[in-house]
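**Student:** Heads up: the protein sequence lines correspond to chains A and B, in order.
Residue numbers for the first sequence follow the working numbering, so the first one is 2 and each next one is one higher.
Residue numbers for the second sequence follow the working numbering, so the first one is 900 and each next one is one higher.
These aren't lab readings, by the way, just hints derived from the structure by calculation.
Where a beta carbon is used, it is the ideal one built from N, C-alpha and C, also for glycine.
Hints may be right or wrong, so weigh each one.
Facing chain A, a subset of chain B residues (Cβ under 10 Å, in silico) [unchecked claim]:
hint: 1; residue: 915
hint: 2; residue: 918
hint: 3; residue: 920
hint: 4; residue: 922
hint: 5; residue: 926
hint: 6; residue: 929
hint: 7; residue: 933
hint: 8; residue: 936
hint: 9; residue: 999
hint: 10; residue: 1305
Selected chain A positions facing chain B (Cβ under 7 Å, derived; list incomplete) [stated by the list, open to error]:
hint: 11; residue: 23
hint: 12; residue: 92
hint: 13; residue: 95
hint: 14; residue: 99
hint: 15; residue: 102
hint: 16; residue: 106
hint: 17; residue: 130
hint: 18; residue: 131
hint: 19; residue: 188
hint: 20; residue: 190
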Amino acid sequence: MTWVAWRQARSAGYGLLAVTLGFTALALLERTEELSGMTRSLSIYLSLFVGVLLGAPLLAQEFEHGTYRMVWTQGVTRVRWLAGRCAVALTITLAGTAVVHGAVIALAEGGRGRPALLPAPVDGLDTAGLSPYARAVWMLALGLLAGAVLRRTVGAVAVTAGGWMATQLLFDNGLPRWVPDGWQDDFWAVQLGASGLLLGLTALAVVGTLFALGLRPALPVRRPAVTLVRPTPIRPD
Amino acid sequence: MSRPPSRVAFAVLLAVLVGSGVVAVLNVSADADATTRGIRARELARFTATLPEPTGPYPVGTVAWQIDGTGRPDPWRPGQDRDLTVQLWYPAQDRGESAPWAHPNVARQAARRYGFAAESLVALRGHATEEAPVRRDAGVLPVLVFSPGDGGNRTDNTALTEELASHGYLVVAVDHLGDALEGSSPDGQLVGRTKPELPEDISREELTGPAVVAQVEVRVADVRAVLDALGRVAGTGPSGAPATAEHIGVRGPVPVGLAGRIDLGRTGVLGHSLGGATAAGAAYADGRVRAGVNLDGLVAGPVAVEGLDRPFLVLRQPSHTTRIDPSWETFLPALRGWHRVVTVAGSGHYSFADLGLWARAGGVDLRTSEETYRFNFGAGDNGRATELTRALLVGFFDAWLRDRPVPAVLGGPDPQYPELTFG
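This is chain B alone, in the form it adopts within the complex (with noise of 0.2 Å):
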């Protein structure tokens, strides 16, 4: 290379210092840029997490059972029987102390994973009383499985369970152990994640394939076997004496007034996400299911393809298209008793979750991108998605589990809800 002008050179490195100048400014700018993001969002997490109040018109009991040995070994925690924790939310005498969301040792890790201060979820509280009687006036009670989303704790739609139960339901949500991130026995202790993990970037044509199938079955077979336990606390006759039942395979005290009331004769499921397919394949499996919903699920196994014939409820949220998921493209044309597919605009994946009335309120809107936020909590107001999923569920076992006629929320567009699509 022969030597430049010296004017040649000394203009070329002025233009190389300038150029780097102005990278590096825009450079330091994102970085201060990200920094007052992250100490924004850390003060964010210290938030006051809140559910809001049940609208239906009885105060809410709660409590947790062991259920044991369910008679099949588990496939998840090998060389153990498996057993499941189950939370029951009913219609209460009268209304006390509101116990804590969850208890402290699933409040802080879920804390923690959310990025949430572990003070925000544990100090939470919902609106139901623990081991409260059940309320002399319901009713004999329907009986309604909720199973929550892959990873989901029986906790984690509480929103939604106290609200059916306020409505004159007995509510039973599911933690899957071995599925749940903070799976735990009823007094808390912390039962590990140990089923195989679905490949994070899974393959369109995979979330209908075996490996989605086969945890789905365990999840249906747990469901079943929340109802064979149901029965056997039904078949303790209507004493209404509060009972620790070890002989019948549940652990944990049955609130008084419970044993004699239980309708499993009036029996749905619903589910978000895998507990949505989780639903669908309870639905399909056990003829005591009288009708189901999926909340932002897809649907897994031969319930797939074959549908059903009972009445169903989709709830979906805009993105959740048979583009993105295959299994509603057969699932859909399928169903032939009564169904809906409802889309509530403005909502995301976990709008139908508790998670959603705390996202943006916790800060999780400054540590992910705007389409990632966009997909898992939609661009709306989740406190109105789940005044909106509250009205359609209350509204479709009300029709289909109490012969009540379908409300206007659920008939089709109505002015009243004009987030509400049919489809």
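Looking at chain A on its own, in the form it has when it is part of the complex (with noise of 0.2 Å):
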């Protein structure tokens, strides 16, 4: 299941790969050049091409090319083949995001002698601390989302990018204003309101998923028993 999910992902992962490469290169040009905090910068949009290049594409090329049938029909449930190529992309995300802000912290910013310095949680919201890989994992899911609905690459690609730029807009307008008194200055508060948030759009876009695909996710609701005859109904006395 794995190998076939990673066929599948191969050439977005390469894709992401090279993104990732450039990001490094970029970050060491950093190191030599006066170009100060230019890869941090930058780095709001990895989580672009994970959307645009792994995201979107997964499930609207399944649909486009009709491969989900095949699979589906191979003895292989819908939720174990949906399970296995999210694991992959999820994996791929995670690392590309990790090496990229490594690379921001390590090449570009603790070689020129000068540690990097964030003045405020708020100031690196976007490029700093665990909102990188939530919005990763969000821009994945979103991409998962609109290429379910859609059913269309370009549609799907579309969608996620209009969706990246709210993100962004969300990052640059909004979340600073809505930190409550007091948390002003709290990293991990500031940090895991916003990534607590991306995650929640994360979560509503898996069920999103999951409806669009007809997988009903196993909701926390009492069901009846399934039955054919209905039982008579015991009327009190």
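Assembling the complex is the task here: the two chains are given apart, and the hints tell you how they should meet.
**Tutor:** Quick look at the structure:
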């Protein structure tokens, strides 16, 4: 299963590898030239690549090529198939984000003889801490949802890119203003708040994807036992 | 590529996931650490800056002058004659309200440059009273011209200039306009830095090259123009009346009792960093200069090779060696008058400027790497470095401008001053 999922994600995986190498090269460049802060500020675009290269085509291409039917008839349950593809895509996403984030810290900032210093938790929110990861995972999920609903790669890519811009707007204008008084200087509160919001959106997108694929997620609702014959109600005396 | 067994594929997936997780945790904690330091630095930026009390017997007075049209075109501000702003400190008759360290325009911009909150420096006051009458029993005043470092302003070394004034000197610090980052007119109007910038990663060889020499030449000419102007003020006679002296090219109030008390026969120069180069250059070029001090600066121009026959003192931080500064290779052996090269243990380059007193309190160490911090501000206590520098300067100029014996602090290693080494 893992191998099939990798084969299916391979071209997207290579695309993201190229993007990751590009950011690493940029980080090395920043170290030698006076381009202070460039790699970190450009790293916001990594999640766009995740959504557009990896997330959006993942399901949309299955529908375009009809490959999903083949998989579904191979004795693999739809849930296992989806879980396998998501696990591989998630691993690629987290690995790419960790490498780019590490390059920003270790190559671009650490090597210049001046330690990175982020003046306030909110100032670095879109590039620092947990948010790069939460953001990349959210863009992956949004791409999946768009692909599952639209079943067309071009449309899914467009919706995902639009979602990325909306997310950026959220980071630029929304989140910094919503931080409650007293949390302003608490790195973990600000980070967990923002990442929690994105992971909440991610959960919604996953549920939406399952619905769009006709896979009812197991919701904690009591279901009646399936019976063919409706039992006769017992009338109270 | 053939299909590996599914267990292997799964193991690889898991390994990549765990590896990414570990890297992510390291990254996030690095960001958390950087942000925590950022928050702390922001808090510290609102520190209260202070300057140490001068230790001399006299209260201190201060006044700023503009020295007009020194008769040469301004190389850094084309189309106009070169003018300068100078700040004077002198022994005062009485102590009044202390003047601000600098005009708010200057203090605000300097604070931003250092990463301090504006009020830290805007609210700072020195220990000098503006336009106070000159101390009547201080006799005639030996003259010291102070040249600040590259980009430095006339009040950047107030802890030293006030100290010398409290010991009976007329100290005149120069705003080399066009060089000073917060250069300003006497009433605080900022004058931008327009001189050509030296390359940031200037090579060891270029340190003694023509670009540096040209800049030091301008500064040396500035110092000589200041001495000329002081000569003209001294020539207005000992009437003692306050005067604005536009006809002598000096604009600004002349404190009561100053005119007849300027003793240019006993003139010294001193400076920090590029100002130290200026001091050495002025001592070489101008016969009026009888003694000079270079505070941790390089030396440029002919003096770097030919040296000096006059008393000269060099103070250095431990890492300022001939390895990073080739000018000292030729200059130090060519000093033929009385001279000392004194190393102040634990000091850094800005331990000889007011900034050194505030660097740690203001969180500069949180915003720089340890190595950069140590080079600029030293590993030790800059309050102590200032104390030692003050004692060395007063002792040196007392010896060579006032014929007093060379004090113990300058004589050589002394258990009282374990931080000082002589070489």
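**Student:** For every hint, state whether the structure bears it out.
**Tutor:** Evaluated hints:
no.: 1; hint: 915; verdict: holds, 5 Å
no.: 2; hint: 918; verdict: holds, 7 Å
no.: 3; hint: 920; verdict: holds, 7 Å
no.: 4; hint: 922; verdict: holds, 4 Å
no.: 5; hint: 926; verdict: holds, 4 Å
no.: 6; hint: 929; verdict: holds, 5 Å
no.: 7; hint: 933; verdict: holds, 5 Å
no.: 8; hint: 936; verdict: holds, 6 Å
no.: 9; hint: 999; verdict: violated, 28 Å
no.: 10; hint: 1305; verdict: violated, 41 Å
no.: 11; hint: 23; verdict: violated, 18 Å
no.: 12; hint: 92; verdict: holds, 5 Å
no.: 13; hint: 95; verdict: holds, 4 Å
no.: 14; hint: 99; verdict: holds, 4 Å
no.: 15; hint: 102; verdict: holds, 4 Å
no.: 16; hint: 106; verdict: holds, 5 Å
no.: 17; hint: 130; verdict: holds, 5 Å
no.: 18; hint: 131; verdict: holds, 6 Å
no.: 19; hint: 188; verdict: holds, 5 Å
no.: 20; hint: 190; verdict: violated, 12 Å
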